[in-house]
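Number of protein chains: 2
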Amino acid sequence: MTSRRVLTGSKQVSLEVIKRLSSYLRDLKTLENNGVTVVSSGSLAELLGISSVQFRKDLSYFGPFGKKGVGYNVCTLTAKLTELLGAGDCMGFALAGAGKLGSAIIQYSSLQRFNIKIMAAFDSDRRKIGKKIDGLVVADAKDMETTVRTMGLKIGVICVPAKAAQQVAERMASAGIIAVLNFAPTEIKILKKVHVSNVDICVEIEALSYFVRQSAT
Amino acid sequence: MTSRRVLTGSKQVSLEVIKRLSSYLRDLKTLENNGVTVVSSGSLAELLGISSVQFRKDLSYFGPFGKKGVGYNVCTLTAKLTELLGAGDCMGFALAGAGKLGSAIIQYSSLQRFNIKIMAAFDSDRRKIGKKIDGLVVADAKDMETTVRTMGLKIGVICVPAKAAQQVAERMASAGIIAVLNFAPTEIKILKKVHVSNVDICVEIEALSYFVRQSAT
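Quick mapping for you: the protein sequence lines, in order, are chains A and B. In terms of numbering that gives the first Met the number 0, the first sequence opens at residue 0 and continues consecutively. In terms of numbering that gives the first Met the number 0, the second sequence opens at residue 0 and continues consecutively.
Since the hints were made in silico from the structure, they are not lab data. Be a bit skeptical, because a hint or two may be false.
Note that the list lumps identical chains together, so a pair holds whenever it fits in one copy or between two copies.
[What the hints assert, rightly or not] Distance condition first, Cα-Cα at most 20 Å in a straight line; then the derived SDA-like pairs of lysine to any residue:
hint, residue 1, residue 2
1, Lys-162, Tyr-107
2, Lys-18, Ala-78
3, Lys-131, Gly-98
4, Lys-141, Thr-75
5, Lys-79, Asp-57
6, Lys-192, Glu-45
7, Lys-116, Phe-64
8, Lys-162, Asp-88
9, Lys-192, Glu-144
10, Lys-79, Arg-212
11, Lys-28, Lys-188
12, Lys-131, Asp-26
13, Lys-99, Cys-201
14, Lys-127, Arg-212
15, Lys-191, Ser-39
16, Lys-28, Asp-57
17, Lys-192, Gln-213
18, Lys-79, Ser-13
19, Lys-192, Gly-62
20, Lys-56, Arg-112
21, Lys-18, Glu-203
22, Lys-116, Cys-201
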């Protein structure tokens with residue numbers, strides 16, 4: 000909900016732009032795997048489901064890409080975006096709440112493609128502690144701070160119930176986490192120097208249902 | 000990725016605004032359950048993790064709410080937002096892909112709070128067809144169009160692998176679905192008269208990892 004911006008050179012870039020760049024990179028990799036070498040801004044925009052103006056604007060934050068009338072070299076653009084997003088390095092994260100959604104995320108195979116790796120998962124439920132999910136043993140939530148600090152983890156994913164989310168976020172922040180992806184159906188109050196992204200599945204569906212009702216009237 | 004706007008009275012409202020209203024409603028319900036009757040715009044904004052300017056702006060699309068200096072009556076505001084979002088009516092959806100993430104969504108207990116109900120789930124994997132998840136039997140994907148049409152479902156949730164997502168979205172659209180929530184790690188190309196919302200867990204985490212790297216430099 001909060002506006003998260005970061006300085007890149009002299010320009011401020013929002014989390015929304017970074018998320019779009021990340022999805023551009025994902026789709027460029029698919030093109031690369033399919034043997035496409037050069038692509039026009041128009042074709043790329045169509046593939047990405049956005050306007051070519053939006054695409055060029057997003058890239059423009061980070062300097063010149065492509066040549067007018069020639070299009071983009073897929074391999075070069077992929078390499079540049081990979082470097083820009085730091086997507087070549089492996090990034091580990093900690094997950095709190097190994098319930099159904101948390102377990103699904105632990106087992107989410109697409110993460111590997113993004114060089115993202117779950118390093119530790121925690122739960123306070125005795126029935127879940129010690130359980131092995133996709134090779135990862137769920138640890139006791141009381142050890143979260145120590146483990147996060149020892150492993151130097153900076154990203155936390157929250158899949159705990161709504162009422163526990165704020166406290167878990169604060170504990171993560173105190174242990175050195177500086178970016179949180181929150182799946183709990185509640186808002187996490189802003190913590191100093193911590194970026195919070197919220198994904199609330201109910202809110203997503205409810206917003207769509209609003210559009211459905213509007214379409215029917 | 001696409002800009003989705005809808006006319007409300009004479010003003011255009013984006014999907015982002017509707018999603019924020021939906022999360023305001025979620026948090027107002029919590030306040031109401033906690034016995035809070037009146038709340039100031041400032042306190043509400045703090046709870047919601049946004050600025051009070053943003054909050055007032057979002058509400059302003061839909062006419063006057065609250066009185067200056069008096070604050071908001073929680074019960075009245077909850078009722079108005081419920082009516083506005085049509086959140087009092089039950090809204091059913093169809094889900095394609097009953098893998099780990101799809102199963103987690105089927106079992107997602109918070110949906111009930113939002114009057115959202117999964118009405119049908121489909122998979123093309125023989126090992127999943129016929130499986131009972133939280134009382135719902137996973138149906139054969141080949142019957143999706145018929146079921147969606149018969150039940151008059153308008154919202155589809157896609158949890159299939161990336162390569163199958165576009166085709167599933169097109170089949171849903173042909174059966175009458177007009178709003179899609181896509182969890183597959185790929186972009187769904189714009190379909191006529193269909194709203195698409197994308198939630199890519201990898202993109203979310205990759206965007207956060209960009210901010211982590213920026214913070215480290």
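How the hints compare with the structure:
In this assembly of identical chains, the alpha carbons of Lys-162 and Tyr-107 lie at most 20 Å apart only when taken from different copies (16 Å versus 25 Å within one copy). For the homomeric pair Lys-18 and Ala-78, the shortest alpha-carbon distance inside one copy (17 Å) is at most 20 Å, but the shortest distance between copies (34 Å) is not. In this assembly of identical chains, Lys-131 and Gly-98 lie within 20 Å of each other by CA distance both inside one copy and across copies; the values are 12 Å within and 18 Å between. Proximity of Lys-141 and Thr-75 under a CA criterion of 20 Å is satisfied in neither setting, with 46 Å inside one chain copy and 41 Å between copies.
In this homomeric assembly, Lys-79 and Asp-57 come within 20 Å of each other (Cα to Cα) only inside a single copy, at 13 Å, whereas the closest approach across copies is 37 Å. Taking the closest pair of Cα atoms, Lys-192 and Glu-45 come within 20 Å of each other only across two copies (17 Å); inside a single copy the shortest separation is 37 Å, beyond that limit. Taking the shortest alpha-carbon separations for Lys-116 and Phe-64, neither the intra-copy value of 30 Å nor the inter-copy value of 45 Å comes in at or below 20 Å. Taking CA atoms no more than 20 Å apart as the test, Lys-162 paired with Asp-88 passes in neither setting, with 34 Å inside one copy and 26 Å between copies.
For the homomeric pair Lys-192 and Glu-144, the shortest alpha-carbon distance inside one copy (17 Å) is at most 20 Å, but the shortest distance between copies (48 Å) is not. Proximity of Lys-79 to Arg-212 under the C-alpha cut-off of 20 Å is restricted to the inter-copy arrangement: shortest distance 16 Å between copies versus 43 Å within a copy. In this assembly of identical chains, Lys-28 and Lys-188 lie within 20 Å of each other by CA distance solely across copies; the values are 17 Å between and 36 Å within a copy. Taking the shortest Cα distances, Lys-131 and Asp-26 never come within 20 Å of each other, neither inside one copy (33 Å) nor across copies (34 Å).
Within a single copy, Lys-99 and Cys-201 get their C-alpha atoms as close as 15 Å, and across copies as close as 18 Å, so both meet the 20 Å cut-off. Taking the shortest Cα distances, Lys-127 and Arg-212 never come within 20 Å of each other, neither inside one copy (41 Å) nor across copies (32 Å). Proximity of Lys-191 and Ser-39 under a CA criterion of 20 Å is satisfied in neither setting, with 42 Å inside one chain copy and 23 Å between copies. Taking the shortest alpha-carbon separations for Lys-28 and Asp-57, only the intra-copy value of 18 Å comes in at or below 20 Å, while the best inter-copy value is 37 Å.
Only between protomers do Lys-192 and Gln-213 lie at most 20 Å apart by alpha-carbon distance; the minimum there is 12 Å, versus 39 Å within a single protomer. Proximity of Lys-79 and Ser-13 under a CA criterion of 20 Å is satisfied intra-copy only: 19 Å inside one chain copy versus 32 Å between copies. Proximity of Lys-192 and Gly-62 under a CA criterion of 20 Å is satisfied in neither setting, with 27 Å inside one chain copy and 35 Å between copies. For the identical chains of this complex, Lys-56 and Arg-112 are neighbours neither inside a copy (26 Å) nor across copies (40 Å), given an alpha-carbon limit of 20 Å.
Taking the shortest Cα distances, Lys-18 and Glu-203 sit within 20 Å of each other both inside one copy (17 Å) and across copies (6 Å). With identical chains, the CA atoms of Lys-116 and Cys-201 are at most 20 Å apart between copies only, with a shortest distance of 10 Å across copies and 26 Å within one.
Of the numbered hints given earlier, the model fails hints 4, 7, 8, 12, 14, 15, 19 and 20; all others are met.
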